[in-house]
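Those protein sequences? They're chains V and B, same order as listed.
Here our numbering is used: position 306 in the first sequence is 306, and no number is missing along the way.
Here our numbering is used: position 252 in the second sequence is 1252, and no number is missing along the way.
Any given hint might turn out to be false.
[As the list claims (entries may be wrong)] Capping the alpha-carbon separation at 30 Å, the derived lysine-lysine pairs in DSS-like fashion look like this:
no.: 1; chain 1: V; residue 1: Lys183; chain 2: B; residue 2: Lys1205
no.: 2; chain 1: V; residue 1: Lys129; chain 2: V; residue 2: Lys183
no.: 3; chain 1: V; residue 1: Lys142; chain 2: B; residue 2: Lys1205
no.: 4; chain 1: B; residue 1: Lys1281; chain 2: B; residue 2: Lys1204
no.: 5; chain 1: B; residue 1: Lys1160; chain 2: B; residue 2: Lys1091
no.: 6; chain 1: B; residue 1: Lys1091; chain 2: V; residue 2: Lys129
no.: 7; chain 1: B; residue 1: Lys1281; chain 2: B; residue 2: Lys1208
no.: 8; chain 1: B; residue 1: Lys1205; chain 2: V; residue 2: Lys129
no.: 9; chain 1: B; residue 1: Lys1160; chain 2: V; residue 2: Lys97
no.: 10; chain 1: B; residue 1: Lys1281; chain 2: V; residue 2: Lys142
no.: 11; chain 1: V; residue 1: Lys213; chain 2: B; residue 2: Lys1091
no.: 12; chain 1: V; residue 1: Lys142; chain 2: V; residue 2: Lys183
no.: 13; chain 1: V; residue 1: Lys142; chain 2: V; residue 2: Lys129
no.: 14; chain 1: B; residue 1: Lys1133; chain 2: B; residue 2: Lys1160
no.: 15; chain 1: V; residue 1: Lys183; chain 2: B; residue 2: Lys1208
no.: 16; chain 1: V; residue 1: Lys142; chain 2: B; residue 2: Lys1204
no.: 17; chain 1: V; residue 1: Lys97; chain 2: V; residue 2: Lys142
no.: 18; chain 1: V; residue 1: Lys97; chain 2: B; residue 2: Lys1208
no.: 19; chain 1: B; residue 1: Lys1208; chain 2: B; residue 2: Lys1160
no.: 20; chain 1: B; residue 1: Lys1122; chain 2: V; residue 2: Lys142
no.: 21; chain 1: V; residue 1: Lys97; chain 2: B; residue 2: Lys1133
no.: 22; chain 1: B; residue 1: Lys1204; chain 2: V; residue 2: Lys129
no.: 23; chain 1: B; residue 1: Lys1205; chain 2: B; residue 2: Lys1281
no.: 24; chain 1: V; residue 1: Lys129; chain 2: V; residue 2: Lys97
no.: 25; chain 1: B; residue 1: Lys1204; chain 2: V; residue 2: Lys97
no.: 26; chain 1: B; residue 1: Lys1122; chain 2: V; residue 2: Lys213
no.: 27; chain 1: B; residue 1: Lys1122; chain 2: B; residue 2: Lys1133
Worth flagging that the hints you see were computed from the coordinates, not collected in a lab.
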Amino acid sequence: MSPVASPPRALEVRGLVKRYGSVTAVDGLDLEIFPGECFGLLGPNGAGKTTTIEICEGLTPPDAGEVTVLGRRWDREERALRERLGIALQETQLSDKLSVEETLELFRSFYSEPRSVDEVIDLVSLGEKRTARVVQLSGGQKQRLAVACALVGNPELLFLDEPTTGLDPQSRRQLWEMIEQFKATGRTVLLTTHYMDEAERLADRVAIVDHGKVIALGTPQQLIASLGAEHVVAFSLAHDASVSLETLRAVEGVRSARVDAGTYELAVTAVHHALPALLGTLERSGLALAALSTHSPTLEDVFVSLTGRALREG
Amino acid sequence: MTDVTHAPSRGMAASPPPAPRGWRDRSIVQLTLVRLREFFREPEAVFWTFGFPIVLAGGLAVAFRNKPAEAVPIGVVTGVAGSDRAVNSLKGTAGLVVDVLSLDSAERALRTGAIAVLVVPKGDGAVEYRFDKERAEARTARLIADQALQHGAGTVDAVKSTELTLTEPGSRYIDFFIPGLLGMNLMGSSVWSIAFGVVNARSKKLLKRLTATPMSRAEYLLSFVLARLMFLAFEMAAILGLGVFVLGVPIRGSFALVVGIALLASFAFSGIGLLVASRAKTVEAASGLANLVLFPMWIFSGVFFASTRFPDVIRPVIKALPLTATNDALRAVMLQGAGLGAVWSQLAILTVWLVVAFPLALRLFRWR
Ligand SMILES: Nc1ncnc2c1ncn2[C@@H]1O[C@H](COP(=O)(O)OP(=O)(O)OP(=O)(O)O)[C@@H](O)[C@H]1O
Ligand SMILES: [Mg+2]
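With the rest of the complex left out, here is chain V (with noise of 0.2 Å):
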């Protein structure tokens, strides 16, 4: 492997393409995911995140493309690249009868040389919950765990499919935590989520996908800066009111506008001039305003901008 040429990749895929019947779950898609890096797969309900990632961990076939994965395929070396990967899927049920401990257990017996299940109990900070059964154990210690089930193996790779998905904010963070640590060690970790804040805070470069599809790549920061945009301002009408979008975008300093329920979202250039000049062709078309707001623009925005619908939305 020579380092000049091409760097080695953790993940390889190329063309990938999964159907099921008259869905294209994953339509044509390419990703490359560097060692060491935390990559996000971003995107709505049904985006095919979920099928993406389980392709690449070798549980579901594609029907078209090629997956590499730490220089190896699924098809010649399952059993030995099933030893340097961790995997959390999206919805995982462990036994609820057994112990925190005794799950660890056995997952690590799993594995040629995995760490010790102290050490991952402290990872995942369930040290008090350890003889505690699963069934007793709250949904984000139960998330946690199945991370730590991740972990036991000691894995170069760490597929983690939407681990935070109906946390409080204190356990996504505790998670998070946890995630960094793994990333400080050197180590790749491939997650999807929809929610941008966590991709904004833990990928270092975020694949937003859409209908199988990529339709944006590169670090948050470049993705945010590609709207062009420094501020979004929100804002809805009095009495139900409606305003044309032509009107708004012909506004000074506004990029773009759309509006969802009622509600209109304006990327602008310099808000210190955008928001008079908006103010002043609402009061000229006689409406009012009942809200607004700014915000600096997020990977939401940037969903949003690309495919004019939210992320929530799906």
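Chain V is already provided as a structure; the job is to place chain B with the ligands on it using the hints.
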């Protein structure tokens, strides 16, 4: 943006060197331990496997205990010539209770089964017996009554006879039932524990999660069979312990052969359990399928009553069922003291089930 350093060596810098791995760290040991834990932490499963057969055997032992032969009620019509003489001859006859009735009420009593036989004196010392020929105890009562009346009229026995009655362990209902109960339990617990365990894991996506590890799939399935063998020891101890030490059921043949039959049956039923579990996606579907497989055997395979009661045409089919083979073999060894030579055909049937069910189940098996 991208960090191109090579993946670090396995084992993080801060982590201690891997602990030496003992036998408990072997995956087959862990998998089998999980099976045992899951079982013993499910009180209902423990009850249905151990408690229920004991309760059932206890109940049946009480219900079918050998009672002294019951006296059969017979009626004599009153108010006709010869009534009194007939009543006098029949009174005090062992095995009969005599009711003296008017013709009307006697006929009603006969119809409703309150009496088994009606004696109608006909004058000149003649009598007529009215009874239902289909009722065994009516036929018996008629013979007893006839003999008593003949003796009363002066007939003398041509042959002198005496009686010696006995109750031999081995011929009671409970003796018949205990081997069948053991067979039924082996079948039920093997099929259920495997079908439920596997399908539950599949429906919770746990099976999928396990296949995402380097776990050996063969070891996973083997762990169910190994756990079965451990439960088998407990089940045999519970059922045979109750049968032999409390109810006095004999084990006339070799105990090792009884264990051998139970082992082979357990393997065969495990194969059937795996077959039931091979595709089902939900526990409901699996239990429906398991019932479909188990129910005919509960009826036909001679658990509660001898399978010889079924018509001859279907008997070859019944004999080929694994539970029939198990029960027949267990009964032959326990009750008749049969040796290996006498039960080889049943063992052959079980072996065929075993070698057909396992490979077929593995072929059909879906991991998700
Ligand atoms: N086993 C399956 N059978 C049929 N269709 C499927 C199957 N799995 C996924 N799909 C379909 O493929 C598409 C992509 O699904 P996928 O689970 O990959 O989405 P996702 O991005 O993970 O969504 P979510 O955020 O809800 O988890 C969806 O339209 C889904 O209905
Ligand atoms: Mg998903």
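Do the hints match the structure? See the list:
| no. | hint | in the structure |
| --- | --- | --- |
| 1 | V:Lys183 x B:Lys1205 | holds, 27 Å |
| 2 | V:Lys129 x V:Lys183 | holds, 25 Å |
| 3 | V:Lys142 x B:Lys1205 | holds, 15 Å |
| 4 | B:Lys1281 x B:Lys1204 | holds, 9 Å |
| 5 | B:Lys1160 x B:Lys1091 | holds, 23 Å |
| 6 | B:Lys1091 x V:Lys129 | violated, 80 Å |
| 7 | B:Lys1281 x B:Lys1208 | holds, 12 Å |
| 8 | B:Lys1205 x V:Lys129 | holds, 23 Å |
| 9 | B:Lys1160 x V:Lys97 | violated, 73 Å |
| 10 | B:Lys1281 x V:Lys142 | holds, 23 Å |
| 11 | V:Lys213 x B:Lys1091 | violated, 100 Å |
| 12 | V:Lys142 x V:Lys183 | holds, 22 Å |
| 13 | V:Lys142 x V:Lys129 | holds, 11 Å |
| 14 | B:Lys1133 x B:Lys1160 | holds, 29 Å |
| 15 | V:Lys183 x B:Lys1208 | holds, 26 Å |
| 16 | V:Lys142 x B:Lys1204 | holds, 14 Å |
| 17 | V:Lys97 x V:Lys142 | holds, 13 Å |
| 18 | V:Lys97 x B:Lys1208 | holds, 18 Å |
| 19 | B:Lys1208 x B:Lys1160 | violated, 80 Å |
| 20 | B:Lys1122 x V:Lys142 | violated, 90 Å |
| 21 | V:Lys97 x B:Lys1133 | violated, 61 Å |
| 22 | B:Lys1204 x V:Lys129 | holds, 22 Å |
| 23 | B:Lys1205 x B:Lys1281 | holds, 10 Å |
| 24 | V:Lys129 x V:Lys97 | holds, 14 Å |
| 25 | B:Lys1204 x V:Lys97 | holds, 13 Å |
| 26 | B:Lys1122 x V:Lys213 | violated, 104 Å |
| 27 | B:Lys1122 x B:Lys1133 | holds, 21 Å |
The structure shown violates the earlier hints numbered 6, 9, 11, 19, 20, 21 and 26.
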